[in-house]
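Asker: As they're listed, the protein sequences go chains A and B.
Residues are numbered in the working numbering as their position in the first sequence, beginning at 1, plus a constant of 730.
Residues are numbered in the working numbering as their position in the second sequence, beginning at 1, plus a constant of 13.
Hint data in this document are derived by calculation from the structure and do not stem from the laboratory.
Treat the numbers as computed from the prediction; the structure is a model and nothing was measured.
Hints should not be assumed to be uniformly reliable.
Once the Cα atoms are required to be at most 27 Å apart in a straight line, the calculated BS3-like pairs of lysine-lysine come out as [what the hints assert, rightly or not]:
{"hint": "1", "chain 1": "B", "residue 1": "K136", "chain 2": "B", "residue 2": "K229"}
{"hint": "2", "chain 1": "B", "residue 1": "K73", "chain 2": "A", "residue 2": "K957"}
{"hint": "3", "chain 1": "B", "residue 1": "K37", "chain 2": "B", "residue 2": "K229"}
{"hint": "4", "chain 1": "B", "residue 1": "K37", "chain 2": "A", "residue 2": "K957"}
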Amino acid sequence: MAHPCLFGDERANVTPFTIISDCDGSRLWSAPSQVPEGASNNETACDVGPWCNMNFGEREEEWALLMRGAIAGDSAAYHRFLLAVAPYLRATARRQFARMGAAGGDHEDIVQEVLLAIHLKRHTWDPSRAIGPWVAAITRNKAIDMLRRRGRQTEIPIEDVIEQLPAEPTGGGEDARDVERMLAMLNPRQRDIIRSVSVNGASIREVADRLEMSEGAVRVALHRALKALAARYRSDAKS
Amino acid sequence: MRDNEVRTEEFINALVSDEPSTRKRFGSVMGMAVALGALVAGGLFFVAIGFRPDIQEAVKSAPFLFKFVVTLSLAVAAIGLCSRLARPGVPVRQWGYALAVPALLLALAVIAELAMTPLSTWKPSLIGSNSRVCLTLIPLLAIGPLACLLLALRQGAPTRPGLAGAVAGLAASGIAATFYAANCTDDAPLFVATWYPLAIAMVAAAGYGIGSISLKW
Chain A
731 MAHPCLFGDE RANVTPFTII SDCDGSRLWS APSQVPEGAS NNETACDVGP WCNMNFGERE
791 EEWALLMRGA IAGDSAAYHR FLLAVAPYLR ATARRQFARM GAAGGDHEDI VQEVLLAIHL
851 KRHTWDPSRA IGPWVAAITR NKAIDMLRRR GRQTEIPIED VIEQLPAEPT GGGEDARDVE
911 RMLAMLNPRQ RDIIRSVSVN GASIREVADR LEMSEGAVRV ALHRALKALA ARYRSDAKS
Chain B
14 MRDNEVRTEE FINALVSDEP STRKRFGSVM GMAVALGALV AGGLFFVAIG FRPDIQEAVK
74 SAPFLFKFVV TLSLAVAAIG LCSRLARPGV PVRQWGYALA VPALLLALAV IAELAMTPLS
134 TWKPSLIGSN SRVCLTLIPL LAIGPLACLL LALRQGAPTR PGLAGAVAGL AASGIAATFY
194 AANCTDDAPL FVATWYPLAI AMVAAAGYGI GSISLKW
């Protein structure tokens, strides 16, 4: 799926960006507070594919625009927002885990967990504020949870090796495991609904017809399932 | 694109299919919590506690009115800080400083009292006659607002749950102390600076405890 780029590279206005520090002073999201006009800051941008030529300010404006659309009820804009944020989360997770000495490999796990948190907490973004720090703070919070969950155990940094292997042609086992592991936490009905609308791409109406439920009931069940998923992550983090 | 990215895109489908955000924006949730909390505390106050008997005289006295300056500034600063702590990525430092305003005001008033009154009156002024009532009624009046604020914070996303809960406790006790101050006959800054903070700290500690457990997301 192509990432829509609403703004071309000629768009050069850059919003100053704040540096958000962790309690221990480490940075998860950082950019110079002043970027010379026209210059692009590629410290992280080049990790994220289609966003390579966009600097923080542009990316943030794009996200904010899409999210405002989403708040106004435009689900296509919301879809594009989540797709646009995912590569940033992936790059951040990769960098963060590398820095903390945790193994690479299943960053997708945290990408999905952060997306879920962003989704369930999307009403806490204040549209009059920049969206980047909001995304970054949620990401950092979830990254800390995940590191805590893993007990910061040292794992073999195998990613470099994996990168050089040919990609598996049919659904990589590693990542299928993420989805399966997440779904395994739910009850069968919830699992069925999430699987239908995500993996199989069914619409709410199709699921409702198949399960002989009303659309409203499917929506409620889906929402509960997503909240249950988040709660499960949370209880994992405590133990 | 790698396979795992497709998986995440599938997961995104599920998120997009989830009910459209009919949920209220967080700002209005917080506003409602404050209003409802004040209503509960106010209801309890007017039904069960009431004004002090000499309220007609008291409203003309500066030390009595000064208590409200302190309690209201505490409530405003703590509510402002609380609603910022509930939003990820929002800077909170300035509102943290704002929380020092009621403390500074009270400290100045105490210094003024010490400077203007003889040593012999200090002790009775500090002990007052309502210390036990103060330590009971402020936490009691704060229960309603604290519950409302904590429920609102659960809708938010505080990245520091314990701190957010503690600040909710400060906000709730700011509201509670504003009502209680209208009942309390001790107006001396020495009394206020001794007993009110003690009562408020109890509520803040309760908020911290509840918050660090129930406000994780």
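Asker: Determine for every hint whether it applies to the structure shown.
Answerer: Checked hints:
| no. | hint | verdict |
| --- | --- | --- |
| 1 | K136/B x K229/B | violated, 44 Å |
| 2 | K73/B x K957/A | violated, 54 Å |
| 3 | K37/B x K229/B | holds, 20 Å |
| 4 | K37/B x K957/A | holds, 17 Å |
Checked against the numbered hints above, the structure breaks hints 1 and 2 and satisfies the rest.
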